[in-house]
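Trainee: Need the complex rebuilt from these two chains, each delivered in its own frame; the hints are there to steer you.
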Amino acid sequence: MTTIYDSAKRKHPAIEELIALWRYRDLIYQLVRRDIVARYKRSILGVAWTMLNPLGTMLIMVIVFSKVFNRPDNYAGYVLSGIICWSTFSQSTNMSMRSMVWGSRLLNQIYVPKTSFVLSTVLAGMVNFVLSLVPLFLIFAFSGVQLRPSALLLPIQMIFLFSFSLGVALLVSTLAVFFPDVADLYPVLLTAWMYLTPIIMPLEFYQEILDGLLLYINPFYYIVNLFRILMLDGFVPHLQTWIATGVSSFGILIIGWIFFTLKADDFAYNT
Amino acid sequence: MILHTTHNSTNNEPQQDSAIFLKDVSVHYRLPSETIKTFKEYMIRLVKREIERRSFSALKNINLDVKKGEILGIIGRNGAGKSTLMKVISKVLIPSEGRVWINGQISPLLQLGAGFHPELTGRENIYLNATLLGHSHNQIEQKLNNIIEFAEIGDFIEAPLRTYSSGMRARLGFSVATAWKPDILLLDEVLSVGDVAFREKCVDRMSYFRDQGSTVLIVSHSIESVQETCQNTIWLDKGEIVGSGETVHVCDAYQKEMQRKKSKIDGKLF
Ligand SMILES: Nc1ncnc2c1ncn2[C@@H]1O[C@H](COP(=O)(O)OP(=O)(O)OP(=O)(O)O)[C@@H](O)[C@H]1O
Ligand SMILES: [Mg+2]
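Going line by line, the protein sequences match chains E and P. At position 11 of the first sequence (counting the first as 1) the number is 11 in this note's numbering, and the numbers step up by one without a gap. At position 47 of the second sequence (counting the first as 1) the number is 47 in this note's numbering, and the numbers step up by one without a gap.
Chain P with its partners taken away, still in its complex shape (with noise of 0.2 angstroms):
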């Protein structure tokens, strides 16, 4: 399935104009099945010479040029790989092979309550995570009540966490996460959580990001919100990108190929 390629870039260096570019990006796992647990088995093995290594590919040659000021759509299956392709961008994970070249500040939201301390109140997580976030004490106390009032979790700012609704911690996470205007955003299903009222307030809060020139990367399951919020949109499958180019055209072809997998499936069952 071959598509517009505006993103499977034929560059070999970034351009002026890049804000993230990836070059035949390939990431091995060790497979689980291989990995020692206890460092007792690890010495045991060694010294058997017992150690073998076997991996499997979540990304596969992965070429990508993503634009300043782009909101890129990034769908797939279950255990495609879109998860992998996030934390290789966000400096998490560096990839076993090829190049990763980010031009600008990052502001990563890759799971809900990553950074989060269930014991400490909202507002004492709020200072936590921006702190991760790499933001000075003196950034922070200015966006304090900025973040508080855009999170709209009222009085449960002084509740400790644990005591949040998943919706809630959602809130709180994308309103430090957006708190800064980033370069570049990076939403690994976050939005699915929110309700209407709220995906609206980030849907708005990244237009404004846009037009600001920041990059939006958006991964999500629902091809809806994929379709309002993103110009263009990769597909990825057994970590290799198999489509790319416009939001449309994209999902097209994704949906056509989920429904025909589904009709194989139903055929069998009936």
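One chain only, chain E, in its complex shape (with noise of 0.2 angstroms):
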């Protein structure tokens, strides 16, 4: 087996770098594997912090919200799934920048595909989100709530939220390799956007504010209502939903991909 390489003759940056992502899958399981296992390897404790960590959040936010609004139904169920959503999606992009910039520093002095790094953060961070389904699935038989057929459909609610988080994961692993204040930025970005979004307040409270443009206007309360609908109320949503989901979160990720792929020739440059 040849391999010739030709800088004549690259097809587009984009393209280019989904086949050296096929040549090197080993490379991505095992980052994935050392995320995880990295993870779960300093305590025997750790997946249980995985699973107590939002438990804990969800209740200190039940105990304060429920003297300030009128709790809604199932309020313990909704704040878990809003924060295990959010975690997930704000853990994954702001470790996506911190292995970039480690690997950004290794990319100048051996070839890898440059998307590795962000994309098996992005994947470690969705095996976490599984994980942290079991302390939901507590809440639920806590709280009475039962898992209808719906449910089911969760693995595709799962790939907008890849999508969507691996998406602004190149967008801002990009922005942190040329100018490393973004890094210091972004979580700052986080929490404002974490308050914006309907993880920890109830959804009544969004609605109020100028007809619920906050919501429409921000793709990651699709992502979190998908999941709500098809855990917590246990119906199939509208068409009108899923097509609203997948373009948001699939229209960013082909934006960050191809900023990022676009970029990525410079990094080597930039040191």
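Derived from the structure by calculation, the hints contain no laboratory data. Warning: the hint list may mix true and false statements.
[Stated by the list, open to error] Which chain E residues stay away from chain P? Per the calculated CB distances, all over 12 angstroms, these:
| hint | residue |
| --- | --- |
| 1 | Ala14 |
| 2 | Tyr75 |
| 3 | Ile139 |
| 4 | Ser150 |
| 5 | Leu152 |
| 6 | Leu190 |
| 7 | Trp193 |
| 8 | Leu196 |
| 9 | Tyr206 |
| 10 | Gly246 |
| 11 | Leu253 |
| 12 | Ile254 |
| 13 | Ile255 |
[What the hints assert, rightly or not] Derived BS3-like pairs: lysine-lysine, alpha-carbon spacing no greater than 30 angstroms straight-line:
| hint | chain 1 | residue 1 | chain 2 | residue 2 |
| --- | --- | --- | --- | --- |
| 14 | P | Lys67 | E | Lys11 |
| 15 | E | Lys9 | P | Lys60 |
| 16 | P | Lys143 | P | Lys238 |
| 17 | P | Lys181 | E | Lys11 |
Idealized CB from N, CA, C, for every residue including glycine.
Mentor: Set out below in structure tokens:
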């Protein structure tokens, strides 16, 4: 088997990167494994921590907000669903950025597909997402929520969540390679974004602001909303909901992918 | 200084027996004073339209045609562009201009400890490094004992890499990079760190690769080790190939030039 590389005959960088990733699929697998093992090896409590952390946050929120708002039905399940989706997104984008900065030093000395570091971090985030469904089901059992057949469609929602996280991760990682201060700015932005999204405060609160405008322009609202419909409300949403979620999350992924791959050639020039 | 011009290729297309073919390759780095460090600063400058790009050419119109099975030395002063040339060949850097054509699998050893993690053990680092080189888990398992044996670092294989000396790191790096016969092996200043015994082992392994048809590129400041291992050599200066051909001639010319420069400076000093 001969492998010929010809810089004069490169396809569009966005396509080129896909082909390279396929060749290096073993690397991706190893990087994901390393992420997960490193996380859980540190302590036996590692797995438990992934599950307890969102539960703790939920508990606090339920106690605090029951005094402030009229607590809607299944508020515990509502908050926990929100937290699980949000922390998957915020942690995987934030960690991607950091692993990209680590990786960019490596990219100066060795060729690997440049999206590897971001992709593997987001994939590891999805594994954590699946693990954190366990406490959610516990809370469901306690508060008498029955899973309906619509829960079987969860994998589709996960594809959307994954695409959206990867898209945003690629965007912020590109910026972070060139500008180190982005790594400090992004968490601030995330906090603001979280409060603008119905994660812990009830949906009604947001619907009252500007006729719900905040919701419609917020792509993450679609994703968390789909999760709650499938898991909590237990029905299959209207086609419109699927399309809106799909378009916004795949749209971000495509934009992020193209932006990253167009800029990726410059990474090694920037030391 | 024009010597034999076997490597200043005049061909426009890679030949049947080419392993590495470069046509009019230039690399322009952005000047360090022009790099903007923060996103905030970038936005401000963008609004004020103050972003100008000045650049520095580390490689200028390089033409090179390395044949399969050749061991080529690359010499030149600090900052001549040797490492930049290796980066362009290993796909780390996409050239600003020109065409890079490579036939075969590349195993680069561009810097000591690239792809090593200081907190992981030697064994874990073998996995990490080999994976980054594109080898699968199974392939690594097959070669693991081989790699550990060749590196000769004994019980330290279970100790974190930060406890290694730089020579030990070089051994491990070389051992991983050469565990699989590469079509093209790139070595940038890595042989100079090992001791004599290890260097001999490396030379043996490289001649074995050459006999098997691998191409090897060696960057070194040690003229002796270049003379020992390479048939042909190119001499880079300020981003240009100023001499190429048989190692003896090129090294001779290089040393004379260095001598001339040195006596000039000596003349000024005393
Ligand atoms: N990322 C970078 N940004 C700007 N200039 C760079 C960058 N990397 C290298 N240079 C410049 O390019 C030139 C060539 O560098 P290179 O590392 O290729 O030299 P070299 O021949 O390997 O030198 P040495 O013998 O010291 O290793 C140098 O003048 C260096 O300052
Ligand atoms: Mg160098």
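Trainee: For each hint, tell me whether it holds in the structure or not.
Mentor: Hints and how they fare:
1. Ala14: Label holds. Min Cβ-Cβ 15 angstroms, cutoff 12 angstroms.
2. Tyr75: holds, 39 angstroms
3. Ile139: holds, 37 angstroms
4. Ser150: holds, 38 angstroms
5. Leu152: Nearest chain P Cβ is 33 angstroms from leucine 152 of chain E, so the label holds.
6. Leu190: Label holds. Min Cβ-Cβ 16 angstroms, cutoff 12 angstroms.
7. Trp193: holds, 17 angstroms
8. Leu196: holds, 22 angstroms
9. Tyr206: holds, 30 angstroms
10. Gly246: holds, 31 angstroms
11. Leu253: It holds; leucine 253 of chain E is separated from chain P by about 23 angstroms at its closest Cβ, greater than 12 angstroms.
12. Ile254: Isoleucine 254 of chain E clear of chain P: closest Cβ-Cβ about 22 angstroms, beyond 12 angstroms.
13. Ile255: holds, 18 angstroms
14. P/Lys67 x E/Lys11: The given pair, whose Cα atoms are some 26 angstroms apart, holds under the 30 angstroms limit.
15. E/Lys9 x P/Lys60: holds, 21 angstroms
16. P/Lys143 x P/Lys238: Roughly 41 angstroms between the alpha carbons, so the hint for lysine 143 of chain P and lysine 238 of chain P is violated.
17. P/Lys181 x E/Lys11: Holds: lysine 181 of chain P and lysine 11 of chain E sit about 29 angstroms apart, inside 30 angstroms.
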